[in-house]
Amino acid sequence: MTMSPAPASWEDVLDDELRGLLAKRPERSIEGKRPVLVAVDLYDLVYDGGPLPVVDLMEKYPASCGEFAWAALPGTIELFAAARAANIPIIHVTYDTRLETDPKKYHPTNRKRRQPDLALYKIKDELTPQQGELVIYKKRASGFFGTPLSAFLNELGADMIYLIGESTSGCLRASVIEAVSYGYPVAVVEDGCFDRYPLNHKVSLLDLHLKYATVVDLATATGAMRAASTAGKA
Amino acid sequence: MRAFEDYCWRDILTPDMTLVYSAYERERSVNAGSAVLVIHPDGNLDITAQPGWAKAAQKLVDAARAQGLPIVHSVVPGSDLSVIEPAPNEAICQRASDSAFLLSNLEAILTRARAKGVIICGAPMSGAVRATAVEAKSFGHKTAIAEETIGDEASLLLKVALFDVAHKYADVMSLDEMLPLVRASSK
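Residue numbers (my numbering), protein chains in the order written: chain A, 1 to 234; chain B, 1 to 187.
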């Protein structure tokens, strides 16, 4: 896959220091014959309340990413369709809501919580896992922490991962870092990632691009998926 | 203790950002019997944002040593260990991932040392320190960071990383606020 030019989403936070770091960024391969798409935490809870500003939704929907979640949805739907058309496995990562797995409620972060309706941890309808697609249930930030995700990646023969999901600065970021640490080339598809506030989203994407993975835009990802599909699988 | 948002990221905060993150505001503390984990950076990195981090971290390490608290050093092949020199009895843990926990024996070291929490210092904040703090929280450790004891390659990366960690994963305070808590502690 040829790399797209550096995505524009962080352009407005760049200063000279950051431009200097971007200029020094090493080339990082995102080639792979057997790519997998991993989607992290795309459940109803983060879309709750609709495509509205987070500050307006917070009172009633404290976990919602509002307008940012909904803005990412069309691109994510397109990415899922491209992956399925190219026979690229999709792995859905979501939260394990079984009460017995955390009776004392040790939460993954320090946010003071009102107990949400556990039904809101259902994956967004438009992104629902299809028959035969793997779902990984987790209790902590990274999709790998305490889960068999690594084992399934091995069994699929995965050699490259497209990663999307939320929050960009939280579970998505942690999953990218762990995937890269395990040796996988990772392409983060920026159109499929979102957060509750733009600065944290942009700076995490920038960190991921500088230090760990390659951030690409939707067109680059779907184009690469289509190209892999017509070229046939090795 | 200072107000929750009254730390080095204050100049990037907007009212909306404060509001969006308000649910993370809480009381902060350091567990007695915490271990101090020093994230030694790769010596090739140019830590220009808060370059005095090592002097501040040394003060923290000295205070922890005086209390007999466990000290662990997370290192990479390019680390310059003369910056914060490990004592002979202190564990040195190779870092194969930006998280000091992942692919290492750090968790075993902390359990054997009966560490009641983890105080993290080092660099870069937006790289290994953050990744380690996220995993420390994932492992269920009460985690704390003193804001002067971390450094980075870029100021904005340092501030946003410390902000993110302070809200979601660790108790962030100043060194002046942390030292009395460490000195009141003992193994």
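One or more hints might be untrue.
Said to hold, decoys possible - What the simulated footprint calls covered on chain B by chain A, stretch by stretch (three residues with Cβ under 8 Å from a Cβ of chain A suffice, anywhere in the stretch; the number is not a length):
{"hint": "1", "stretch": "10-20"}
{"hint": "2", "stretch": "57-69"}
{"hint": "3", "stretch": "176-184"}
Stated by the list, open to error - 27 Å max Cα-Cα, derived DSSO-like pairs, lysine-lysine:
{"hint": "4", "chain 1": "A", "residue 1": "Lys-105", "chain 2": "B", "residue 2": "Lys-142"}
{"hint": "5", "chain 1": "B", "residue 1": "Lys-116", "chain 2": "A", "residue 2": "Lys-139"}
{"hint": "6", "chain 1": "A", "residue 1": "Lys-139", "chain 2": "B", "residue 2": "Lys-59"}
No lab work stands behind these hints, which were simulated from the structure alone. Glycine is no exception: its CB is placed at the ideal position from the N, C-alpha and C atoms.
Taking the hints in turn, this is what the structure says about them:
no.: 1; hint: 10-20; in the structure: holds (count 5)
no.: 2; hint: 57-69; in the structure: violated (count 0)
no.: 3; hint: 176-184; in the structure: violated (count 0)
no.: 4; hint: A:Lys-105 x B:Lys-142; in the structure: 15 Å, holds
no.: 5; hint: B:Lys-116 x A:Lys-139; in the structure: 22 Å, holds
no.: 6; hint: A:Lys-139 x B:Lys-59; in the structure: 36 Å, violated
Violation of the numbered hints given earlier is confined to hints 2, 3 and 6; the remaining hints are satisfied by the structure.
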